[in-house]
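Participant: Please model the entire structure based on the sequences and the hints provided.
These protein sequences, in sequence, are chains A and B.
Under the working numbering, the first residue of the first sequence carries the number 19, and numbering increases by one thereafter.
Under the working numbering, the first residue of the second sequence carries the number 52, and numbering increases by one thereafter.
For the record, the hints were derived by calculation from the structure and aren't laboratory data.
A few of these clues could be false.
As a list, the in silico DSBU-like pairs of lysine-lysine whose alpha-carbon atoms are at most 30 Å apart [what the hints assert, rightly or not]:
1) A:LYS146 to B:LYS180
2) A:LYS322 to A:LYS226
3) B:LYS131 to A:LYS146
4) B:LYS74 to A:LYS125
5) A:LYS226 to B:LYS355
6) A:LYS267 to A:LYS81
7) A:LYS322 to A:LYS301
These numbers come from a predicted model, not from an experiment.
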Amino acid sequence: MRIKLEQVTKNYGNVQGISNINLDVGTGITGILGPNGAGKSTTMKMILGLSRPSRGRVTVEGKDPFTSQDLKRNFGFVPEYDCFYEHMTGLEFVAYFLRMHDISKEKAEGMARESLSELGLELAMDRKINTYSRGMRQKTKVARATVFNPEILIMDEPFQGADPTTRILLMEKMTKWAENGKTILVSSHILHDVQSLTDNIALINNGKMLAYGNRHEIRDLINIPRPISIVPVKKGNLRKLAKIMIDKKWTKATAIDEENNEVTIETNQSEEIYLELPKILQKEKITVEKIYSEDDSLDSLYSKLVEGAQWK
Amino acid sequence: MEMIKRTLEDVSQIPVMLQTFAKRSKNVFPPIAKDSMYRLLINKVTWVIIAILLLPCLLGVIIYYQTDEDRQIQNIDGDKVYYNSEGDLIHEEKIEAFAGQNYMIIIIIVAVIVAIVFSSELINEEYEKKTMQLLKTTPIHSFEILLYRYITGVICMFGILGLGSILLYYTTMMSSGLHGILENLDVLSLMLKVLLFESIAFMAVFCIFTVYFEKPFLVGIIYWAVWERIVSTQNYQKLTVTHYLDSIMFDSAKDMNLGVDAEFFNLVNSSGDIIATEPLNAMLTIIIFAIFALWFGARGIANKQF
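Facilitator: Structure (structure tokens):
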């Protein structure tokens, strides 16, 4: 299913929630990234039809989610905050929302039991929610949102408060759902979480879309040198390596980090370096432990974009 | 213009919507009713209200034991008829006490508090706990969200107040024996009828407040004090729920010789003319008003942004 946001702005009185956001999301996992208060939840709420844009247009399969009742059969929503009927058991809670989909009691209970068991809550599902840990609550929210096999899954900070086991389990599930053709929109302020799930990202800050697309492609658009670090096996080769690199035409700057035993070069032609470097190292008989660039990571990409990097 | 267009569209959709709701109700209504009833019954305020309702009943029992020895019995056609020490029929004296207490305590005060508390628990709590956001991402229609909670609220409100009235009737009338209790069942049924229509009307009013206002309790109290207590005694009283409830009560109470007149219910205008509405029309007005209120409330839920 296709989600489209066209020039969407949302104001809360005089406060601007998001401004001129464009987004076109298809099947698979898309990460919405940004710090707290960036506008991620506002964007998700508009897609879910919980809020209306002040300007612009939000459509899901060409329909307005705020007014279309049919679309709601296809929405699975995992909110960031806790919103439970605390007096219910996990099973009752999940089954309750299934009944809202016009599903009979017996069938709803069976589906809820299966979904909660899949998420590892088979022993806790008959306990009241007010006795649940944060991880259990998170799993219950996910079970509620996914039990009816929705086409669109909107997950707002789904890993928040989840223990490592829950985190891994949720990631596995999300990958599986995406493989089955679901449209998954996941927001997080923890970049690492999304990095391990998808390359397709939307970066939001202060209500504005900084970048949207494949994270590697986004990085290539940023016209600032990329750091590549080389760690030689012998510490004595550090200076020699730095000298060789500084003479190369594709090197903008070189730095030696004796403490970590590495030489870092900054370049605009990283692909050329990756091709040439093995030949140089072989010729100079320098053995290296590793060559790496942290610059492709979302953390690095995000900080560059937020700091107002230049664009080609 | 757009609002009129949307309203007309809504109206044209009503038959299809009603058909869909009726089909879905067997799956959607029971869990909502079960959850709503549970929430109302575990609410501490509900038990405070029940305790308040029991107080006049307790008073009735105390009076019974205090005056028990003064009663005189006469056997008429196999029925035991009780008289007080002055030779008056006890049930005639007691029924006026019951009607007065039931009207002043339950119908005027407690019922309004119950409606405010229940509507707040059923609707406002969904906003407070943010479960309304979850509901709004499911295929349930905003009218269903409101209607099923409203129906449950009306059933619970009428159930609690009705049982309170029955208990009050019994404890007040028990000194008049079985004869007195059976003799005045029409008064009890009138009170229950008024309570039913009061539940229908006030639950609808306060459901609207919980949808549209952030502090429904405060708005509800102000509405009741200003609109239902002051305006309901003036010339424009036909705009109040109290007028229609009093009209239902007045007509029957007059026939039952409960010693009340139009002025007692404030059903007169500034010229002194009786402006009571026919009971049947009053009942219909309340039902139509409740339907309109639910539609208006549902629009509020549908248009609410989070």
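Participant: Now tell me if each hint is right for this structure.
Facilitator: Status of the hints after comparison with the structure:
no. : hint                 : in the structure
1   : A:LYS146 to B:LYS180 : 16 Å, holds
2   : A:LYS322 to A:LYS226 : 15 Å, holds
3   : B:LYS131 to A:LYS146 : 55 Å, violated
4   : B:LYS74 to A:LYS125  : 17 Å, holds
5   : A:LYS226 to B:LYS355 : 25 Å, holds
6   : A:LYS267 to A:LYS81  : 54 Å, violated
7   : A:LYS322 to A:LYS301 : 35 Å, violated
When held up to the earlier numbered hints, the structure conflicts with 3, 6 and 7 and fits the remainder.
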